[in-house]
Structure formats: C-alpha cells, structure tokens
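Asker: Quick mapping for you: the protein sequence lines, in order, are chains G and E.
Numbering-wise, this note's numbering puts 55 at position 55 of the first sequence, and it's gapless, one number per residue.
Numbering-wise, this note's numbering puts 174 at position 174 of the second sequence, and it's gapless, one number per residue.
Hints may contain errors.
[As the list claims (entries may be wrong)] Far from chain G by the CB rule (all over 10 Å, computed), these chain E residues:
hint: 1; residue: Ser140
hint: 2; residue: Lys192
hint: 3; residue: Ser226
hint: 4; residue: Arg248
hint: 5; residue: Leu251
[To be verified] Here are some of the chain G residues that sit facing chain E, going by a computed Cβ distance under 7 Å:
hint: 6; residue: Ala170
hint: 7; residue: Trp172
hint: 8; residue: Arg174
[Said to hold, decoys possible] Have a look at the derived ranges for each label pair, beta carbon to beta carbon:
hint: 9; chain 1: G; residue 1: Glu112; chain 2: E; residue 2: Leu61; range: 50 to 58 Å
hint: 10; chain 1: G; residue 1: Ser105; chain 2: E; residue 2: Phe62; range: 47 to 55 Å
hint: 11; chain 1: E; residue 1: Ala54; chain 2: G; residue 2: Gly133; range: 46 to 54 Å
hint: 12; chain 1: G; residue 1: Ser105; chain 2: E; residue 2: Arg289; range: 38 to 46 Å
hint: 13; chain 1: E; residue 1: Ile182; chain 2: G; residue 2: Pro30; range: 41 to 49 Å
hint: 14; chain 1: E; residue 1: Arg185; chain 2: G; residue 2: Glu112; range: 49 to 57 Å
hint: 15; chain 1: G; residue 1: Asn4; chain 2: E; residue 2: Ser196; range: 39 to 47 Å
hint: 16; chain 1: G; residue 1: Leu137; chain 2: E; residue 2: Trp107; range: 47 to 55 Å
Please keep in mind that the hints were generated in silico from the structure rather than gathered at the bench.
This one's a predicted model, so the numbers in the text were calculated from it and none came from an experiment.
Yeah, the Cβ is synthetic: ideal placement off N, Cα and C, and Gly gets one too.
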Amino acid sequence: MSSNTRKIVIAGVMGAISIFLGATHLGFIPWLAGAALTIMHVPVIVGAVLEGPVVGLVIGLIFGAFSLLQGAIAPTGPTDVWFTNPLVSILPRLFIGPVAWLVYSAIKRFNEATALVAAGVLGSLTNTVLVLGVLGLYRLLPWSLIATIAVTNGLPEAVVAAIVTLAVVAAWKRIESGRKGSTV
Amino acid sequence: MPEPSEFELSGRVTIGQYLPTGSVLHRLDPRVKLCMGLLLIVGTIGTRSLLGLAILMAAVLFGLRLARVSLRFALSGLSPALPFLFLLALLQVFAIPQHVAGSAVVWRWRFLVATTGGLFAAALLVGRFCVLVLGISLLSFSTNTTELTHGVEHLLIPLQRFGLPAHEFALVVNIAIRFLPILAREAERLMKAQASRGADLGRSGGGPVTRARRLLPLMIPLFLVSLQRADGLVEAMEARCYVGGKGRTHLIQLRARPVDMATLAACLGLSLLAIGLGTLGADAWLLHRLASHT
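Generate the whole structure from the sequences, applying the supplied hints.
Answerer: Dropping the structure here:
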C-alpha cells in the first residue's frame, strides 16, 4: 500500500521525465521518412504500473499539456501544429495510464514480466490509436494515411515502450525488494 | 569527438519564456490569466467563423501590446511552423474532400480541385493555429511558473468539494517543474558516464534499431535515478509530517480586483461572440459572395 505522498511525488517526477524527454528531444528516435518515434508516453505507463490509474491519468495530463505547449511555442515538425488542439494533445493521453494499469493488473497474477510488456504495448497503442483517431475525425488526415502511420510508427513505438517499461519496472522492483539503496 | 553541446541539457528545459516587463497584464491575477487562456482556447477551437477568429486575433494582438512585448518577437515564435502550416493548408485544400453547402469550384488542374469550402477550411486551420500560438505565448510571456501553479491550485479549490484533490494536483505540477533542472543535471552526468565507457551517444548514423538501442543505456538509468530521488523526496516529506492539502494555509493570498474581473468579463464576451458568429453562420454570406463571383 503506497501512501498518498508517494503517489503525488511519483506523478510529479514521471511528469517531469515526460517533459524532459520532449524538451531535450532525447525522447525522439528518428525513424523512416523523417517521422520520429517517441517515448514521451513511457513515463505515463511506468507511473501507472507503479502507482495506479489515477497517477497514470495525472502524468498523461501533464504529458498532454506539455505537447500542447510545445506545439504552440516551439513546433519542431509538421505534426506539432495539430497538437495545439487539446482534443488531440490532451484528451487521448488521459487514457494511456488507466489502460496500461488495467492490462498490468489483469495479467500480473500469471506472469509479471508478460504483464509489463503487455502494459507497455497496449498503453502505447492507446496513445497511437486515439491521437490518430481524433486527427481522422477532424479530417486533418485521410484514413488510409492514418492506417499506414499506425503500422509504421505505432507498432515500433509500442515495441520500444514495452522494452523500456519492462527494463525500468523490473529493475526498480528488484532494487526495492533486494538491496535497497544500491545505485545503478 | 561529440561536440560539447551534446552534453548540455540544462539550457533546453525551460518551459515558455517569461518576460518581466512589469506591465498591466503581468500584474493581473494569475487565476484570471489562466481563465483567459482557457477561454481563448475554447473560443478558437469552438468557432467555425473566420470573422470570429479575426476578433480573437485582434484581442491577442491588443494583449501583446498591453504586455509590452514587441510584435516581432512574438511572431518569431510562429515562423518555424510556417512551412509546415503551408503544407497542411495545401493538404486541407486538395487532399480532403470538403462537404460545405454552397461550395463552388474555384480552380481546377487535372486531379487538383480547389473549392471555396476547401479554401475556407484551410484559412480556418491557419488562423486557428496563429491565434493559439500567439495566445499561449502571451500567457507564458506574462506569467511565471510559480504564479501559474498558484493560479491552478486556487482555481481548482472550489472543485475540492466534489472530491477533486486541488492542492495535490498543484503540488504534482510544482514537483514536475522543479524536477526538470535536476533531471537535466542527472542526464548530463549519465551521458558523460556512458560516453566515458565507450557508449556512442552521438545521434547521427546507424539504422533506426541501432538508434533505439543506443537510447536504452541512458533511459533506464535515468528512470531509476529519478525513482530513487522520488523515494528520497517522499521520505523527506513524510518525516516533516506532510498530510496533504487539508487545513494548509498559503503564504501568498490571491485577491481578484475589479480590473481582473472586468478583463475576464471582456474575454468571456469575445469568446462567446466568436463561437456565436460561427453557429449563426456569419461567414455563410461571405462564402456565398465568393461562390457567386466565380
């Protein structure tokens, strides 16, 4: 049972990582055809897995608000322009954490590692599908192009998210139960 | 040998740019400024009228004038996006079929067809973006982050009655903002440590998979170090008997003055006007005029 203080702090710190990854562009991996994979949503998944759906929701909100700000103040690519609309940048991101947490807590009792991978993949796909879905509903992109992006960008993003989530949470849980205070 | 800027992260994590000109706008209650920002966003996205957007644009330009921010500086934030915006507008005109009543074909070349409806949608897209960028920049020019988190907390206090943890939420935002410089320092340290062990953090060359794998030796320690820091913060807070927002008092008390209320009312009026013009179809006659001309 984690305390309320712990939830607040983890949400703040994971929110900071998400902002940090975006602001420094460390969270972007150049991919095919000039598009970039992002891992900015990974802190949302990690936070949700560690501290529950509400924390995931709050980190998602911070992630979304930052991508809105970034789209407005320092756009770096053609897609950033769309993110000035909160229905694109904020709303879809609220669901990443709760989905990741649901998946994780459903599978956890069978196998923890599988649960982490599944949470990473489905949390990431939630982001991809909802953001692209809103863009499609706004008629900003034709649906055929959206399907292509979902496959070429969404799937590798999900794989990277799963790897990072698994590595981070597994390492953290081991540290927590074993030699506490050991440095990485 | 990677260039020195590779390890310099601290300078890149500032959010927004606060310009302390001490203008009338700077002295407004941060709660009011936040509400105005929200109203502007709602108005800009809610309106379907170019006329409404023009009104909001005029309001933002007036605000920039009041804040004593030079127009050239404010517009410079807009310029990097312009090429992309142009591309998006083209896409909007030619690639996406627009079903607007009374739309007429303006120009046709082989498979490229421009309709008045398409042009209208593209103008709306570009206008919306410009208003949003300038509006949000205006908020960040005139409000520093401390004021902003204070404003958020005070605005959410009424929602506490419905069980929404306003104080906790503001604390989360505050921790996130205060944590950024620490994270930047940690990341710099990690990058140097990994580079000294032979890690190739230079971001050029290699396929996408190689690049993704190159990121892991940095990302995983960064997450773990942050979680350890978070642990330390939790212990420190609990040792000082932090129990959440209940019964906490504030060092800074915000008071809304008549000026604040008047500004807010004016902003509300403008947003409603913009949305109203859209729903009433004020641009319809404009479109009709265009259609009948061609």
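Asker: Against this structure, judge whether each hint is valid.
Answerer: For each hint, the structure was consulted:
1. Look at Ser140 of chain E: its CB is around 7 Å from the nearest CB on chain G, not clear of 10 Å, so calling it non-interface is violated.
2. With a least beta-carbon separation of about 14 Å from chain G, Lys192 of chain E lies farther than 10 Å from that chain, consistent with its non-interface assignment.
3. The beta carbon of Ser226 of chain E sits about 5 Å from the closest Cβ of chain G, which is not more than 10 Å, so the claim that it is off the interface is violated.
4. A cut-off of 10 Å between C-beta atoms confirms that Arg248 of chain E is not in contact with chain G; the least separation is 13 Å.
5. Non-interface status of Leu251 of chain E relative to chain G is upheld: no Cβ of that chain comes within 10 Å, the nearest being about 19 Å off.
6. Given the 7 Å rule on beta carbons, the hint for Ala170 of chain G is violated: about 10 Å separates it from the nearest Cβ of chain E.
7. For the restraint placing Trp172 of chain G at the interface with chain E, the shortest Cβ-Cβ distance is roughly 5 Å, inside the 7 Å limit, so the hint holds.
8. Annotation: Arg174 of chain G was flagged as interfacial toward chain E, and the flag is violated, the nearest CB pair being 10 Å apart, outside 7 Å.
9. The hint said 50 to 58 Å for the Cβ distance between Glu112 of chain G and Leu61 of chain E, and at roughly 56 Å that hint holds.
10. The given range of 47 to 55 Å is respected by Ser105 of chain G and Phe62 of chain E, whose C-beta atoms sit roughly 52 Å from each other.
11. Against the hinted window of 46 to 54 Å, the Cβ-Cβ separation of Ala54 of chain E and Gly133 of chain G comes to about 31 Å, which falls outside the hint.
12. At about 60 Å, the CB distance of Ser105 of chain G to Arg289 of chain E disagrees with the hint of 38 to 46 Å.
13. For Ile182 of chain E and Pro30 of chain G, the Cβ-Cβ distance of about 27 Å falls outside the hinted range of 41 to 49 Å, so the restraint is violated.
14. For the pair Arg185 of chain E and Glu112 of chain G, the supplied restraint of 49 to 57 Å is violated, since their beta-carbon distance comes to about 32 Å.
15. Range check, Asn4 of chain G to Ser196 of chain E: Cβ separation about 40 Å, and the 39 to 47 Å hint holds.
16. For Leu137 of chain G and Trp107 of chain E, the hinted distance range of 47 to 55 Å is not satisfied, since their beta carbons lie about 28 Å from each other.
Checked against the numbered hints listed earlier, the structure breaks hints 1, 3, 6, 8, 11, 12, 13, 14 and 16; every other hint is satisfied.
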